[in-house]
Amino acid sequence: MKRGGPCKIIGVHAMENKEKTVTKEKKEKVPRQAMPEQKPTERIHNFNEVPYGYTKELALAEASRCIQCKKPSCIEGCPVDVAIPAFIKLISEGKFIEAAWKLKETNALPAVCGRVCPQEDQCEKLCILGKKGDPVAVGRLERFAADFERESGDIKIPKPASSTGRKIAIVGAGPAGLTIAGDLVKLGHDVTIFEALHKAGGVLIYGIPEFRLPKAIVDAEVNYLEKLGVKIVLNAAIGRLKTVDDLFKEGFHAVFLGVGAGAPVFMNIPGENLSGIYSANEYLTRSNLMKAYLFPEYDTPIAKGKNVAVIGGGNVAMDSVRTALRLGAENAYIIYRRSEVELPARKEEVHHAHEEGVQFKILHNPVEYIGDENGWVKQIKCIRMELGEPDDSGRRRPIPIKGSEFTIDVDTVVVAIGTEANPVIPRTTPGLETNKWGYIVTKDSTGLTSREGIYAGGDIVTGSATVILAMGAGRQAASAIDAFVKAKN
Amino acid sequence: MYKVIEKTFLQEIIVRIVVEAPEIARKRKAGQFVTLMIDEKGERIPLTIVDSDSNKGTITLIFQIVGKTTEQLSKLEKGDYIKHILGPLGHPTEIENFGTAAVVGGGVGIGVAYPIAAALKKAGNKVISIIGARTKDILILEEEMKKVSDQLLVSTDDGSYGFCGFTSQVLQNVIDSGEKLNIVYAIGPVPMMRVLANLTKPFGIKTIVSLNPIMVDATGMCGACRVSVGGKTKFGCVDGPEFDGHQVDFALLMSRLRMYCDEERRALQNYRCACDGK
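Quick note, the sequences are listed as chains F and G, same order. The opening residue of the first sequence carries number 277 in my numbering; numbering runs sequentially from there. The opening residue of the second sequence carries number 144 in my numbering; numbering runs sequentially from there.
Simulated from the structure, these hints should not be mistaken for lab results. Keep in mind that this is a model prediction, so the values were computed, not measured.
Okay, derived cross-link-like pairs now, SDA-like style, lysine to any residue, Cα gap no bigger than 25 Å in a straight line: (1) F:Lys518 <-> G:Lys377; (2) F:Lys305 <-> F:Ser349; (3) G:Lys170 <-> F:Asp521; (4) G:Lys150 <-> G:Glu286; (5) G:Lys375 <-> F:Gly547.
If you anchor each label on the Cβ, the simulated ranges turn out as follows: (6) F:Asn324 <-> G:Asp223: 33 to 39 Å; (7) F:Glu396 <-> G:Thr376: 32 to 38 Å; (8) G:Lys289 <-> F:Glu696: 42 to 48 Å; (9) G:Lys226 <-> F:Ser755: 34 to 40 Å; (10) F:Arg673 <-> G:Glu322: 56 to 62 Å; (11) G:Ser197 <-> F:His630: 55 to 61 Å; (12) G:Arg409 <-> F:Gly527: 45 to 51 Å; (13) G:Gly373 <-> F:Glu696: 18 to 24 Å.
Even for Gly, the Cβ is constructed at its ideal location relative to N, Cα and C.
With the rest of the complex left out, here is chain F (with noise of 0.2 Å):
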């Protein structure tokens, strides 16, 4: 596919030391690889994935810098336990299948993590050779082996366990229910995943725009999914078109929810209805889900701004204004009322969006936004900010500063200021035990609700988090629901 693509890259002379057997001491002097990447005057123009990958030349020379530690602590920092060194080890043999197998054994999503997961908090944030230099890329290498998998087409499907005879119902089809579907096929149950929308995948699909996350590298993990046995059914809206306990009616043994946190949230400041004022979800929904950014080959439009801002600075709102970018827009704005150290997106994505041209408005926020005869957002009103003492999440509280408003004039705004949780399924499931911000409140790591045989994980039990968040918890809930449905008479 993309790999292969120019490497003008530091370290290509590393290469010729891979054959050789080489000393710990040596191993540290391979300086960690870089990953070869779209050039961002190009990228902005399209919605290809912005890095190529590795070329098996500098997977092997980043391989070949893990020191294969006895107690590995990297993986202490991985949610899903993937047995790190071991298939690093792998590549560095030149075993890039088995490699990719290694991954499956406990990851359903390897192309997937290799993407999207902030390694530098987890994995790589623990990783030996970190501590006087750079860390192995794990992330890197876990991508290199899935894609190896995935294009070499020699996909190995373990054979499937003996039937329990238990059925399971996940409801969403995002990380947590697609990971939590894989573990519990893999151990012998029936396993159907219940998506309201009409494709498989949750913000995987709907959400990370395709130049981070080519959607067809979901679909592959989930046909995966579905190879190894796990049904999907979509288009069924659990809540609406069956409830919680119809699915018990219907046989079920147990029921996971996985449904994320998916509700938009708002500001509620003046103007904030107006046309061309969208929420992140749906920004992305259009362009992501709906491929408004191929209209009118798709059917579905998209506000193609020239001047767009996006208010917020986690990854969502990176992921936001660099779409804006590629839909047109000539000024793409990042307006976020702390400061820069206090970003909330991982460093990778706002050093993308650097390099992509998006203006930084920080210690900026939104109070008001105008529009025109039309009802079109044409300007919005901003304040400057000042940190003042931190507050309760550590971080210095943003405190606006007296008459300090001024307009920056726009025609589209995506608002990126986070999630919270549906409450279609709280709402028809009688006894389900929420908290006050209407996340299902679990007992313990392994998800189990108030109601027996109802499992919860991810964003609807834990507020807007990250991807492998969400499957760390599916995994948990995964080994606690096989004990109860195994109990069961």
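Based on the hints, put chain G in the right spot on chain F.
Just chain G now, kept in the frame of chain F:
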């Protein structure tokens, strides 16, 4: 995949289709809707479920040809398939015995008014239905409405059939005649609903309108369908589609409905060119 069982042109630009969707048919209640997507490149559009038959496992949808998607939908024939249908969505109409209820339907909105009138009648209300259209040729469901109403009044803007004028004038006449209305349902074009809500407000008659904002997922995820009700932002898909007509900001609804006018025109033109080319 959802099979089209039957297709009828009720009028030149208003179409009724009956589609196989057994689970939705079993579950749906008056006032609820589906979103459908004709094929993988299609957009998701919301349509109210007009009727259902749980024995046959079918739902009935009525739509007016207004753009590319509805035109394409109107070209599906019996035996063709719709790729995706999600539903039933939205809150069902709150049906109880209010006493006397007026159900006002305008244009294709009569399709939405019909199941509400039927449910109100079944719950024991005296149902006065008022249906209207621009002209006689595009008036729909007169017979069906008659069957579920104690009284049916018809108006056309051009006077080609029934009362000459708007449904609001007919409702005004009903109120003036001394009829005590406990509730009014108004479903149709936004300007019509606005006029009706303004009309009933001074009389303090509770008035429910069914809104049709632009939607994408229609499950509460995107907020495309934001409407302002009583100064608060609500989502048409999960908080509605029915709201207190006296609280709705109709001007906002109208301007948000116009958001993609240019794109809609372009999509329709492209589609027609492509069809002509075949």
